[in-house]
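Using the sequences plus the hints, can you model the full thing?
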Amino acid sequence: ETAVERARANPALHAVTVERASLPPDLLNDMYFAVEARLRQRILEQNARLDPALLESALAAGRTRVAAEDGALPADYAESLAYVEELRAANQLTPQVLARFLRSGGQTAFLIALSQLADVDFHTARQIIERRELDALAVICKAADLDRALFLTYAVVLLNTDDNAMGKARAYAGMYNELTREAALRTLRFWRARKAMQAA
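Per this note's numbering, residue 1297 is the first one in the sequence shown, and the count goes up by one each step.
No lab work stands behind these hints, which were simulated from the structure alone. All clues given are correct.
Pairs of lysine to aspartate or glutamate, EDC-like flavour, derived with a Cα cap of 20 Å:
1) 1464 x 1332
2) 1464 x 1429
3) 1464 x 1474
4) 1464 x 1443
5) 1464 x 1431
6) 1464 x 1426
Cβ pair distances, simulated, as ranges:
7) 1333 x 1305: 10 to 20 Å
8) 1386 x 1351: 28 to 38 Å
9) 1311 x 1458: 24 to 34 Å
Because the structure is a prediction, the values reported are computed rather than measured. Cβ coordinates follow ideal geometry from the N, Cα and C atoms, glycine included.
This is how it looks when you write it as structure tokens:
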């Protein structure tokens, strides 16, 4: 764990850490948010090949560490949660509604709804959106079986202040097409461990 913490802070150690065959899967997936796209792809490939029994073992091993990682909730969280729950109860919580939240500046509602649709914790969803980690957003959307057009909509809205937002979003959409749902689901299982620990 200490070596992985050092590696996360030092980009020169990213590749050697991710490529290390003896690195436990839970620690490998902890590196996901710290490494470049090429190494993220390598992590996704390793997750796709992971034996289901080993996956369960890795999730159990990482739960203690994941439980320690928590963040403060935004001031409008309770109000946004109530609204999202109301939409869910009325069967109106759809991927299109998420796009509306994003466009209208309802980021907390978007994050709550995204975390519910993808079954990840709020903090993971917030980290992905705040850092504009579109490859991680692709993992969540693919695992949630959202179509490419919706992912592209989310990407364009998140990149709206960038030059060539549509071109960049299309590049991420290409990555979305290449990502298998199985690899996304396996990767997401590590992220879901955070939600399980938060509920415990």
